[in-house]
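Protein sequences appear in the order of chains Y and B. Take the first sequence: its position 342, counting from 1, is numbered 342 in our numbering, and each next residue is one higher. Take the second sequence: its position 231, counting from 1, is numbered 231 in our numbering, and each next residue is one higher.
Be a bit skeptical, because a hint or two may be false.
[As the list claims (entries may be wrong)] Counterexamples of contact, computed for chain Y against chain B with all Cβ distances above 10 Å: (1) His-234; (2) Thr-249; (3) Ile-289.
[Stated by the list, open to error] Simulated crosslink set (DSSO-like; lysine-lysine; CA at most 30 Å straight-line): (4) B:Lys-66 - Y:Lys-199; (5) Y:Lys-8 - Y:Lys-129; (6) Y:Lys-210 - B:Lys-15.
Derived by calculation from the structure, the hints in this document are not laboratory data. All C-beta atoms in this analysis are idealised placements derived from N, C-alpha and C, irrespective of residue type, glycine included.
These are the residues of each chain, in order.
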Amino acid sequence: MEDIHLMKGNEAIAHAAIRCGCDGYFGYPITPQSEILETLMEEQPWDSTGMVCLQAESEVAAINMVFGGASCGKKVMTSSSSPGVSLKQEGISYLCGADLPCLIVNVMRGGPGLGTIQPSQSDYFQSTKGGGHGDYHLIVLAPNSVQEMADFVDLGFDLSFKYRIPALILTDGVIGQMMEKLRLPAFKPRATDEEIAAKCPWSLSGRTNKRPQNIISSLELDPAIMEKRNLERHERYRKVEAAEVRYDTFMCDDAEFLIVAFGCAARICQKSVELLREQGIKAGLLRPITLWPFPYKAIEGYCRQVRSILTVELNAGQMVEDVRLAVEGKVPVSHYGRMGGIVPAPEEIVEALKKNF
Amino acid sequence: MNNPIIAPENLVYEKSKLIKDNVMHYCPGCSHGTVHHIIAEVIEEMGMEDKAMGVAPVGCAVFIYKYIDVDFAESAHGRAPALATAMKRLRPDKLVFTYQGDGDLAAIGTAETIHACNRGENIAIIFINNGIYGMTGGQMAPTTLNAMKTSTCPYGRNVALNGYPLKITNLLAELEGTCYVTRQSVHTAVAVKKTKKAIRKAFENSMEGKGTSIVEVVSTCNSGWKMSPVQANRWMVENMFPFFPLGDLKDK
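Looking at chain Y on its own, in the form it has when it is part of the complex:
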C-alpha cells in the first residue's frame, strides 16, 4: 500500500515533520501558514513520536525557542509568513552566528508591511542575501509542489545538520494552500540522546559522563578569533556552493529562450513553455530548487545556447539580479513580475517572453 494522501502544502509540512523524526516545533499563527501549527496540534505528535509542539507568544519567542532546542542538538523547526519571518530575523542571525542547525519555513505573502495575505515571492532578497545582521547565508529550498513541501522537510534538516547552517523552506501562499496528491515519507525515529551526543558533540545536555563544558555562543570580543570563526563559516558556505546546488529543467535541451522561475511561478511557467512550444517557439524552463546556493553555473551554461532569458517572479525583480550575475551580460535578461498577491496567468508570461524577441 502506497502512503498516498490529498492535502495542502502546509499540512504536508506538518506531517513530514512528524515523520522525519523532528523533535520540536515552535510557532505563532499567521496567514497563510497557520495550518502547519494547526495540523501539528491536531495530530498531537507528543503522544506518538514524543515531538514537542508549542504555540509561542510571538515569532520572536518561537525562533528563540528554536535556538534553545537547536543548542541541545535537537531537530527543531518553526514556520511563519513574511511579516512574522521579519520578526524572526534577529534569532536567525544568532542561529547562524552560533552555527546551529534548524529548519525555518516561510510561506510568503505580499509586503511590505502588513501587505496582503495573498501569495508573493518578495522575500527572495531577505532569504538569500542575509535578512538579519552579519555575514551569513541560509540553505534556501524552494518547493514547487505539495510533494516537495513534504520532501524538503527531511532534506532541509539533513543539509542543515550536515553543514551546521539553518535551512529555510521558502514557499508561498499558493503552494502552502493548494491541495495535491502526495506520497508521505516513511516514519523515521527521533534521534536518541546517545545518537545526538555522537552526532552533535557540541550540543548541550549537561556535562554528561563528566565531559568538558559545551558553550553555544555567537560572541567573541577578540577580532582575530572572530575573523577566524567567520572565515571557517564561509569555508563551509563554499562547500555548500560546490556540493548542494539543485535545480530542475523542463524542455531546455533545444531551447532558444530560457525562462528562470522558482516555486509557484515555475509551475505556471511550465504551462507557458508548453503554450510557447505549441506556437513553435522553442522555450525552456530552468527552476532553481536551491535559491542559495544559486545555480549560477547551470544558468551560465545556457548562454551559448539561448537568445535571451526571462525571469518570472511574484515580485518586482529580485532573483533576476542573480540571473544577471550568472550570465554576466552574455545574453539579454529581462524580468516579468506581478505583485500585491496577483498570480500571473501562463498566457501573460507567453506575451512577456514574446516581447523579448
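Take the given structure of chain Y and dock chain B to it, following the hints.
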C-alpha cells in the same frame, strides 16, 4: 594549589569546583561574582553538574560561562526564557536556569519572561536587579529608581518623562505558572546565605516540576552608580530596599 596562601588549618572557605580559574571581568564590588559563586556551589552540592544547562543573558553576565563550568547557551538580549523553555521541554530531566539582568528581563525580554512564567515552564530564573545597564555604560533601566541618575537620565529619573520603575517580580508573583518568587540580596554574609537557600529551592522546584521559580537579587553596580563598593551597599540598603523590599513574594 602548590603554594597555599592560607594554611590548610585556617581555611574556612573553598571555592566551588565548578568555578573556573578565569579572572572575572566584573568590577570589584559588583554582585555578579558573588551570585556566580552561589550558583556554582548549589549545583555542586546538589550533584547536578551533569544535568545543569544555563542560559546566559546579554549584559555584564554574558560571559557567565567563562566562570561557571556547566553547559551554557548564550541568548539574544531578553530571549533567555524562550531558549530555556525549549531546552527544558526537549530535555525534561535536566536542570535549566536563566541568569538575567534588569534590562534583559524587565525591558527587552518582558514578553518572553511573562509568558514563560505564565506557562509555568519548569525553569529557574535568576534575576540580577541593580537598576542600571552596567555593560553599556550605565544607562537607565526599567528598574531605575525615581530621581536616580544614570547616563540617559542625567538629571535623575523623571516619572513624567520615563514612567515608573517596574516591579516586575511582583507582576510575576501574580501569575498562576510561578511557584516560587523571592527577592534577596548579597550585601552581607547573612544575605548571601539566604540567597543561596533561595537558589537551591528554585533549582529543586524546577526538578520537581512545580513551575517557574524566580530569584531576584537586588544588587549593586558601584561603577554604574559611581560609588565605592561600600557606598554602593549602603545606598542600596537605604534606597533600593524600601522600593524593592526583600523576602518571599510567593511560595507554593
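Evaluation of the provided hints:
At roughly 21 Å from the closest C-beta of chain B, the C-beta of Y:His-234 stays outside 10 Å, upholding its exclusion from the interface. At roughly 41 Å from the closest C-beta of chain B, the C-beta of Y:Thr-249 stays outside 10 Å, upholding its exclusion from the interface. Residue placement check: Y:Ile-289 keeps its beta carbon more than 10 Å from all beta carbons of chain B (closest about 30 Å). Taking the CA atoms of B:Lys-66 and Y:Lys-199, the gap is about 25 Å. The hint holds against a cut of 30 Å.
Straight-line distance between C-alpha atoms of Y:Lys-8 and Y:Lys-129 comes to about 29 Å, which keeps the hinted pair within the 30 Å bound. For the hint pairing Y:Lys-210 with B:Lys-15, the CA-to-CA distance comes to about 19 Å; that is within 30 Å, so the pair holds.
Of the numbered hints listed earlier, not one is contradicted by the structure.
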